[in-house]
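Undergrad: Please construct the entire structure, taking both the sequences and the accompanying hints into account.
Residue numbers (my numbering), protein chains in the order written: chain L, 1 to 330; chain V, 1 to 330.
Take these hints with a grain of salt, some might be off.
For identical chains, the list gives no copy identity; a pair is met inside one copy or between any two copies.
Straight-line alpha carbon distances no greater than 35 Å define the calculated DSBU-like cross-link-like pairs of lysine-lysine that follow [what the hints assert, rightly or not]:
no., residue 1, residue 2
1, Lys-92, Lys-193
2, Lys-187, Lys-63
3, Lys-80, Lys-187
4, Lys-250, Lys-80
5, Lys-236, Lys-260
6, Lys-250, Lys-172
7, Lys-187, Lys-236
8, Lys-120, Lys-320
9, Lys-236, Lys-271
10, Lys-79, Lys-45
11, Lys-187, Lys-93
12, Lys-172, Lys-275
13, Lys-55, Lys-320
14, Lys-79, Lys-250
The set of hints was computed from the structure by calculation and includes no laboratory data. Note that this is a predicted model, so its numbers are computed, not measured.
Protein chains: 2
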Amino acid sequence: MINVAVDAMGGDNAPTELVKGAAEAVEMRNDLKVFLVGREEVIKKELTSYTYPTKQIEIVDAKEIIETAEPPVMAIRKKKNSSMVEGLHLVKKGICDAFVSAGSSGAILVGGQVIVGRLKGVERAPLAPLIPTNKGVSLLIDCGANVDARAPHLVQFAKIGSIYMEEVVGKKNPTVAIVNIGAEEDKGNLLVKEAYPLLKNCEDIHFIGNIEAREIPKGMADIIVCEAFVGNVILKLYEGLGDTLIQKIKTGMMSTFRSKLGALLAKPALKETLKDFDVTKYGGAPLLGLNGLVVKTHGNSKAVEVKNAIIQCVSFKEQKMNEKIKEKIC
Amino acid sequence: MINVAVDAMGGDNAPTELVKGAAEAVEMRNDLKVFLVGREEVIKKELTSYTYPTKQIEIVDAKEIIETAEPPVMAIRKKKNSSMVEGLHLVKKGICDAFVSAGSSGAILVGGQVIVGRLKGVERAPLAPLIPTNKGVSLLIDCGANVDARAPHLVQFAKIGSIYMEEVVGKKNPTVAIVNIGAEEDKGNLLVKEAYPLLKNCEDIHFIGNIEAREIPKGMADIIVCEAFVGNVILKLYEGLGDTLIQKIKTGMMSTFRSKLGALLAKPALKETLKDFDVTKYGGAPLLGLNGLVVKTHGNSKAVEVKNAIIQCVSFKEQKMNEKIKEKIC
Chain L
1 MINVAVDAMG GDNAPTELVK GAAEAVEMRN DLKVFLVGRE EVIKKELTSY
51 TYPTKQIEIV DAKEIIETAE PPVMAIRKKK NSSMVEGLHL VKKGICDAFV
101 SAGSSGAILV GGQVIVGRLK GVERAPLAPL IPTNKGVSLL IDCGANVDAR
151 APHLVQFAKI GSIYMEEVVG KKNPTVAIVN IGAEEDKGNL LVKEAYPLLK
201 NCEDIHFIGN IEAREIPKGM ADIIVCEAFV GNVILKLYEG LGDTLIQKIK
251 TGMMSTFRSK LGALLAKPAL KETLKDFDVT KYGGAPLLGL NGLVVKTHGN
301 SKAVEVKNAI IQCVSFKEQK MNEKIKEKIC
Chain V
1 MINVAVDAMG GDNAPTELVK GAAEAVEMRN DLKVFLVGRE EVIKKELTSY
51 TYPTKQIEIV DAKEIIETAE PPVMAIRKKK NSSMVEGLHL VKKGICDAFV
101 SAGSSGAILV GGQVIVGRLK GVERAPLAPL IPTNKGVSLL IDCGANVDAR
151 APHLVQFAKI GSIYMEEVVG KKNPTVAIVN IGAEEDKGNL LVKEAYPLLK
201 NCEDIHFIGN IEAREIPKGM ADIIVCEAFV GNVILKLYEG LGDTLIQKIK
251 TGMMSTFRSK LGALLAKPAL KETLKDFDVT KYGGAPLLGL NGLVVKTHGN
301 SKAVEVKNAI IQCVSFKEQK MNEKIKEKIC
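TA: Pasting the structure below:
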């Protein structure tokens, strides 16, 4: 049995979509048990809307909720009975293999490291979302709160990311590139100049050199290694620019009678194509290198993304990801 | 008379579009003289295609060309008779007020600082392109080669950028924000944490705090301050993601008969709207804080962008930008 704790109270669509996602996930796998953590009476009521194998969902009562605006460190420390802290403790205690939350990113990052803790030998736990590209998806590692990483951390990120892409995402012999401001080997800031030769000499990965940000959406590498500040900028600009461009396109299409008619005809096909490029669709960003798995789903996740994140936890466990990380890193 | 040197041999469309842009620019202003720098016979031949006030264009012969792939420092040092080095020397000697090139970015950044030189008191010369947003344009400063800047440099960038946005772009009381990974004051890496209070206490600018990358395309600040590595990632991702999304949209629209018909109808309106969001349209990125002005236009600039860049140099001179920078910075 694989046990996954889900923060039923975190995110814009909590608890409805979280509970629904859990009910859908247990329908898919009979070796999966979901622990819905949050206000018992609320979750109970939500669950009455679904038919599902009842033995595969358990409610864990937690009265408090950590809000997105709260300072993360303080929230994790003070709100001992919050759905997030309780959920993370289920992993810490070994009752659950993984924890999924759509709540405060900051609190998840802090809580994951402080409560669940890092695998021995892992120096930083990177947050690694999948981002859409022209060729499929790439793993962006690190987008976490661990800013000002040092070069050896980037090498660990590359190794951990390679294992994840190969074992969980199923990409054979995935390529690794480091984000830089030019394609040449001698380009970059101090961090990248120091990390480049370390990556080049690392035998466990398939390093292909520098990647300029313009090449990322083209899918020129499977694993995009960067320091967390840069990763955060890339991830958020991906979201913001996508939204703005799609908004622009909608405005453009609604500007004349002729274009409105065109929009009506093109809409279904266009929607289908653009769906692939929605960052939130790949919303399950794992915080890797912990004693267990912690997955951050997008704040506005719907049931389908929650279900995907839970199933992702199952693959992670099945593939013995942490055993493999320990083997390569520690 | 305002004198502008133009690198006739730099960029993907050299010399044709560069020469054409120069001919168009001198048609617009009779107080402007353009010095076309490059192979005399080639430029002469190109010029025969246009009618223009002949006294307002002068050819400066330069036999060599710096290629984009060349290591910048070496290229500037070795190719003394290249169009770029000769053009930069025209500014250095005071013969020209400004230099425009669509050639190698690296060589322009190096050459601008080494040959033209920085204004006394300016510690780093930032490259500051305008990027399209939902509300118009924002100035992204710095996107240059000066990676690993320190906090006081960012404050200078904010000041110089504010003067440029107000005087040349014409935005009254422009707002300044610093790129960060959260909206709260205490977020960020060491550099941003150090720069934030300095920016907050700087009286010459209208500082509004942090900006997350997701808010940049929404036009939430007029001047986006960041270290060059981050700026480069933002600029290049802007280009790359825009291209990829537009490619996706085209594919989507061509996928069914119905959508093809829709595309045909919507295309003119869509094209018009997306034009505003083309980074290359705002291709004239000034390298600020030098003893003169150096403008880098996009490598694939057409005549219209070259003309715009030249006219931008006229505004820069008319607005006495450098006098104003000296006043505030030095």
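Undergrad: All the hints need checking, so say for each whether the structure fits it.
TA: Status of each hint after checking the structure:
no.	hint	verdict
1	Lys-92 with Lys-193	between (37 Å within a copy, 33 Å between copies)
2	Lys-187 with Lys-63	between (52 Å within a copy, 29 Å between copies)
3	Lys-80 with Lys-187	between (47 Å within a copy, 24 Å between copies)
4	Lys-250 with Lys-80	neither (45 Å within a copy, 51 Å between copies)
5	Lys-236 with Lys-260	both (31 Å within a copy, 32 Å between copies)
6	Lys-250 with Lys-172	between (38 Å within a copy, 30 Å between copies)
7	Lys-187 with Lys-236	both (24 Å within a copy, 15 Å between copies)
8	Lys-120 with Lys-320	within (16 Å within a copy, 60 Å between copies)
9	Lys-236 with Lys-271	both (22 Å within a copy, 26 Å between copies)
10	Lys-79 with Lys-45	within (24 Å within a copy, 76 Å between copies)
11	Lys-187 with Lys-93	between (46 Å within a copy, 31 Å between copies)
12	Lys-172 with Lys-275	within (25 Å within a copy, 40 Å between copies)
13	Lys-55 with Lys-320	within (25 Å within a copy, 76 Å between copies)
14	Lys-79 with Lys-250	neither (43 Å within a copy, 49 Å between copies)
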